[in-house]
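J.: Now for the letters of each chain:
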Amino acid sequence: GNSVTQMEGPVTLSEEAFLTINCTYTATGYPSLFWYVQYPGEGLQLLLKATKADDKGSNKGFEATYRKETTSFHLEKGSVQVSDSAVYFCALVLVSGGYNKLIFGAGTRLAVHP
Amino acid sequence: DAGVTQSPTHLIKTRGQQVTLRCSPKSGHDTVSWYQQALGQGPQFIFQYYEEEERQRGNFPDRFSGHQFPNYSSELNVNALLLGDSALYLCASSLVLAGGGDTQYFGPGTRLTVL
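Residue numbers (my numbering), protein chains in the order written: chain Z, 1 to 114; chain S, 1 to 115.
Here are some, though not all, of the chain Z residues that point toward chain S, as calculated from beta-carbon distances under 10 Å:
(1) Tyr36
(2) Gln38
(3) Phe89
(4) Cys90
(5) Ala91
(6) Leu94
(7) Asn100
(8) Lys101
(9) Ala106
These aren't lab readings, by the way, just hints derived from the structure by calculation. Each residue gets a CB set at the ideal place from its N, CA and C atoms; glycine is no exception.
Start from the sequences, fold in the hints, and give me the full structure.
T.: Written out as structure tokens, the structure reads:
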């Protein structure tokens, strides 16, 4: 079946540290891949996406590259800020005939300290 | 450009009651999906509506039902509430037939507490 596995949290970093959150997937077809972010008490916000192999999604200093050979989509940021503290979800979708169900990982909580 | 809106924000019910949650999609979107997010977990797909019909359904019992209206807004109904139905319910909208249909945009959610 289709699934997403994320590294367990929490991830605790100091401000300006480098961030990596690992994400791997299993899919029967060719999925699009996403990172969503959830701030405390809020819904999900789309952070970035990639729709095919070797695509790099980027937004707000975050980046992730679609690696088909390793079935991975790791999230990175060169210098985190306190405001980046949130839960990050990796997700995939297989679009077929108009159906686009998202499959999420369990989420990784990031805490950034000054 | 209005984003996805949901109502109510919070809801408290008792076991056995019924609840209706509402969602208005992002302007221009025609498809609505519902997800359940239990505390500390990732969202789980409940079902998806397009053209007022349920197109896909996740692994949820028939107590969970929905509806989509001609203006693309949607309702999620849950009957015979159980304690385990306590969760954040998220609505997401997308435009499936325009090529970018794989991107879903989420509302702020409705926090349901069942006592």
